[in-house]
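Peer 1: Chain A is already provided as a structure; the job is to place chains B and C on it using the hints.
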Amino acid sequence: MQKLEFFLRRLGTSLFVLIGVSVITFFLARVVPANPAALYIGPKARAEDIERVTKLLGLDKPLPIQYAIYMQELFRGDMGTSISTKRPITEELAGRIPATLELLFSGMFIATIIGVPLGVLSARWQGKPIDVGVRVLSIIGVSMPAFFLGLIFQIVFFRNLDILPLAGRVDSDLRFSNPLTEITNFILIDSLLTLNWVTLKDAFLHLVLPSLTLAAYPIGLIARMTRATMLEVFEQDYIRTARAYGIRQYVVIYLYALKNAISPTLTVIGLTFAFALTGTFFVEILFNWPGLGLFTVRSLLNLDYPAIMGMTLFGASGYVLINLVVDLLQAWIDPRVSLN
Amino acid sequence: MKRNLFILSLFVLLTLIATACGPAAPATDAPAAETEAPVVTEEPAPTEAPAAGPIVLKYASAANITTWDPIASFSTEAAYMANMYEQLLRVNPPGSAEEFTPLLAESWEKSEDGLVWTFHLRDGVKFHDGEPMNADAVKKSIDAAKDHAGASFIWLPLASVDVVDDLTVTFTLSYAQPLELIVGSEYAAYIVSPKALDAAAADENYWSAGLSAGTGPYMIESYTADQELVLTQNTEYWGGWEEGQYEKVLVTFVPEATTRQQLLEGGEVDLVTSVPADSFASFAENPDYTTSLEPALFNYTAFFNTLKAPLDDVKVRQALSYAIPYEDIIALGANGRGTQSRGTVPAGVFPYSEDVPQYTYDIEKAKTLLKEAGHEGGGFSLRLTYASENATEETFAPLIKDSFAQIGVEVTIEALEFTQQWELAKTDPATAQDIFLLLYWPTYSDAGADNMYSMFYGGAEAPYLNVTKFNLSYWKNDQYNALMDEAGPLSGTDVEASRAKYTEAQKLLVEEAPAAFLFDTMVAFVNPNHVEGFQYNLNYPDVRYWFYELRPVQ
Amino acid sequence: MTAIPILPASESASRRTVRHVLAVIMRDPLSFASTAIIVLFIFMAIFSYQIAPYPEEGAGKTHASNTLLPPSADHWFGTDKLGRDIVSRIIMGARPALIIPIGVVLFAVLIGAPLGALAGYKGGWLDEVIMRITDLFLAFPSLLLAMAIASALGRGLDKAAIALIISWWPWYTRIARGVTISLKERYFVEAAQAIGVSDLVIIFRHILPNTISPILVQATVDLGTVILAMGGLAFLGLGTQPPSPDWGLMVSDGRTYILDQWWIATFPGLAIFIVVLAFNLIGDTLRDIFDPRQYK
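So the sequences go chain by chain: A, B and C.
Here the numbering used here is used: the first residue of the first sequence is 1, the next is one more, and so on.
Here the numbering used here is used: the first residue of the second sequence is 341, the next is one more, and so on.
Here the numbering used here is used: the first residue of the third sequence is 895, the next is one more, and so on.
In case anyone wonders, no lab produced these hints; they're calculated from the structure.
Using 27 Å as the maximum straight-line C-alpha spacing, the simulated DSSO-like pairs for lysine-lysine come out as follows: (1) C/Lys955 / B/Lys705; (2) B/Lys766 / B/Lys648; (3) C/Lys955 / B/Lys711; (4) A/Lys55 / B/Lys535; (5) B/Lys809 / A/Lys61; (6) A/Lys201 / B/Lys588; (7) B/Lys766 / A/Lys86; (8) C/Lys975 / C/Lys955; (9) A/Lys55 / B/Lys809; (10) B/Lys711 / B/Lys655; (11) C/Lys1053 / B/Lys766; (12) B/Lys809 / B/Lys486; (13) B/Lys588 / A/Lys86; (14) B/Lys648 / B/Lys847.
Isolated chain A, as found in the complex:
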């Protein structure tokens, strides 16, 4: 019962936050210092055309009413039409989500499989050179601007070594030699499902540099956090007891300690997701990755306010949702931690 109450309360707060977020986003997008109607129609428009578009976009109504209309449409699944592409925002976002998620998940996957072991090693040999090494490595990871790291990767692996592709999701050639049946729009999954090995390999190669660039920051965070939680766990009585009983040390570390460190590590991974989400902006630009980030940045520069609104709302909702999931998961795994 207590659990259910916690869930409901947590859901309630999230809902409140989302509504607030929509208000902030809406007004933020509307102070954009340019006439959206003029943007919509392009530079050589006549005054009467601008007037027509102003009406069409509902910009002649007072702001609160515009907001009400926007929310009403939003609940019907309509986020308006992009000024620069003239396509529905929902379509624009939906078409780009798979690309971004593919990048995000593989980046986070790399970060996790590298970050967690590094953190464990570091904790196991606390204060030893290996710990210092991991520390410096982690800090380098979080200090490297993604837009610079990606550039270096491109210079090294494309220009100098020529072993990895420069940009894009998959070679355009493959469209005809090995056409891919689109099922989920995740190239890796689709090519796996349809046993299209050539495309799978190519998509994988294209994914390497962007994911590594994206992973650098989370690797550092995850390693540091894993180390910290492992150290805490080591201090707890039952681990000491286990050690005293002479259970071989690696069993202690990997079974007992890691199991107890899972919950906080999960939190970190969840939160790092959000950091990685903004990281994708830079990575997508550098690698011409046709995802949300590329779209967002272009919209920001073009002052495409419906797109900015849609994307900010989407990003914030995703963030709130991840936080919610992390909290709930945590409560589920370890009820003692979060119920208060």
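Peer 2: This is chains B and C only, laid out in the frame that chain A set:
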């Protein structure tokens, strides 16, 4: 919640599998490619030669799609539109034997006074959706364009379009104009299926998925925004098809010039919109490519705010015009791809004339003129705005600043999104910018009716913005306006007499210097030798390639 | 009433914290080296005009005949598209890339910390309102919010700075509130309340100074992130506008030339990396010892 975790672990698992089986493959594969590479005797490009698949043209393009609506279209998507839609006729590049190529009109004639034009349409042409192309379709398309096209203003001279019979249509003008140039426009002149126009009128998102309803040689097969566009042959095309023409065109959108360069060099694509300026020279030396620099009808103008002191003084404006380092601007801002403008009419476009003078870069003369104007040693400061999305302006604006500093004029540079820059300019000249950098091009191939009118014809009242609101010098000169009033209608009946009047007006323009005329741009083409049939047509600046004309070299 | 002996004197409390922090930094060789690097860069930013070999080019003056020169004795890091010396551009770019982020964090602390102290001290509906507002701001990924604000305000260094302040202050509100709640029950605050010291005086004289240590640590940790964010905004075109120098902007400019003129993007990128690394190394040491996150 459990579901979320499940999905999460599913992804992790899938990525794990991909990671596990991935690295092995490239490791065995890549070195093979590496060792083969140095043997450069053979052209690497046509790898998919085994005939089974369609003949595909691969194009890495920087041109975005802002709309698939052929009426509204007024931007870079013209690159593809022009391959799917047709006008009544096409304007040929300067120097061609014939001035025009008939497309949907087989022939046409005009009345003595140049006001009534009769077009005889091609028989048996069908739109992509199967509808017949006829006089009704033409009337409906042009009416729609006049009503709500992105470039609807090009139809200002048009009074009415009338259907005479199924294949004959007349255009009646309210004042004489060279109508061929208008019906041949890159924008707002396509003939579109009436069925599609009706559907689009009922549903504003009709076009957004990406469909085509023209008469042109290609149609849209699929479109994924920001990723790719596939065009396929319109097998019913009236022009017919030959063996060896491209059956499909695969366009991938690649905004980064560096990436396009790599794709082209790697043979992964056949064509690109452009490569980074500094890689152009290496392509020029490569025997596998043919490069060319062609004049484009874009030009850069720096408007002076003539309503504000000290720019209200013609001497000051002339001084500044002498203080602009034209050569450096072209060399650095445009990587040498440009020529100093002669007035506002770009080279190669009516009514361009070699008789229009240019300012030279002459700091001493500029100083003398400033002194004569009572501003010895400068001592004033100016606010310059440019469009932040324009990398060329971003590059050359500092050159103007540094050069003006030499005559004691301080410039503050301000980057604004174009619409903002323009809003600022239109609100109140007293608080607006002093210098406005603008990239401009005539909407259709008549810079007299467009550039000379749009940018310099003073409207009735201060700040003299005319209907186009591009008179960003806020300049009004009665003599200039009078010359323009004569030259415009004359262009519909006597082209050379009209050109002479326009030239007179341009001389006045340069003398009065309401703006500095910086440079006309050039476009650079890098074409691999395994594709032939390139035709450059200055009149259609956004259309770099006519896919129908191209053939793979066997 | 300022002379109540049982209240710890605020000035000495904060001074003690600062001294403690400094001691921690001096003990750790990495932190010490990092501090030296940061001091060097700040020195560079302040005296940029005196240090830069070509200060005018650093500020944006073009040199048409020197375009795209590779590194040499005259131009250690080469020149860019407009012939400007990259060493000078980096030195002059230290102000927007380094000093402005420091200002951003400072302002965010000045806004966030008093609000947090107020919320924690007063509790009740005021606490609720303030914390719900911070929740709202924290609901956005910081950089996304900053990008949206920066684009709404219009491009420019000042606007980017404001956008970052708006995105960052809530973090300090949270910390200050956490510390305040833990202090509230302590004897000296109760004693002060008992003898009728006004709330404002309690907050500003007795509570805020005690929040300095965790906030200082958090601010140091954040500085690296804010510098990265600032560089990111500039890289995207939403920060410093050309021809002014800025590291993020220089990386973005140099991107067109990475295949042939690698130096244009590489050196400013390294500058960002080194500075951020230095801040993060210090922040990491401080966090190990103080751990400000316990208050969140």
